[in-house]
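Construct all of the structure, not just a fragment, from the sequences and the given hints.
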Amino acid sequence: EAQVTQNPRYLITVTGKKLTVTCSQNMNHEYMSWYRQDPGLGLRQIYYSMNVEVTDKGDVPEGYKVSRKEKRNFPLILESPSPNQTSLYFCASSFSQTSYEQYFGPGTRLTVT
Amino acid sequence: GDSVTQMEGPVTLSEEAFLTINCTYTATGYPSLFWYVQYPGEGLQLLLKATKADDKGSNKGFEATYRKETTSFHLEKGSVQVSDSAVYFCALSGATDSNYQLIWGAGTKLIIKP
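So the sequences go chain by chain: A and B.
For the first sequence, our numbering begins at 1 and goes up steadily by one.
For the second sequence, our numbering begins at 1001 and goes up steadily by one.
No wet-lab data here; the hints were simulated from the structure.
Don't take every hint at face value.
Here chain A is said to cover these stretches of chain B; the calculated rule only asks that three of the stretch's residues, wherever they fall, bring their Cβ under 8 Å from a Cβ of chain A [to be verified]:
id : region
1  : 1044-1057
2  : 1103-1109
With a straight-line cut-off of 25 Å between C-alpha atoms, the simulated SDA-like cross-links for lysine to any residue are [as the list claims (entries may be wrong)]:
id : chain 1 : residue 1 : chain 2 : residue 2
3  : B       : K1109     : A       : T111
4  : A       : K65       : B       : Q1101
5  : B       : K1049     : A       : Q45
6  : B       : K1049     : B       : Y1030
7  : B       : K1049     : A       : P106
8  : A       : K57       : B       : T1026
Just so it is clear, CB atoms sit at the ideal spot from N, CA and C, and this is done for glycine as well.
Okay, structure coming up:
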């Protein structure tokens, strides 16, 4: 089954404790991205990657890191989480940056206390 | 910059009612327009799209027409069901200064009562 998976689905952590949210797709997509969803703000892109070893900042990259060492995986790293990073996070992928249908993972609900 | 404006929700309707969710946009160039749907506890999925003016996208009984003259892409359905309860996002892409990034509206929550 074609899908984007994220783990964990739910995470509660404390300020400053490094965490990683994993994302994996099995569709051989080149393009992957991370979004955060906050009430009234819709989706905002954090980082994106057009291919292996190619990543770039989205609209709200501060406080986040990513890496793309393999085509299928695109982990999101919060080196020192803060409460303002409490949000719902989505990973998405598509065949290319210009392939507008993006396939989304189920989301990760992160709470930073 | 490019932007998408959706009507605020929640929108609450009775089953079999007619649905309209308004979406207007601001963009340079000739964007493609999309509606995505997010069911409770799930990620977003593409509902329909239109790539040029006067195109009509349709899927699962939903329709939206790309209106360049009014810069709008309103979502409509003739008879909604309880299973249509979800959050609906309007988005655009392809405008010259958005660099193919999807630009999202804030989302409209739809609640259908039996």
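Of the hints given before, which are not true for this structure? none
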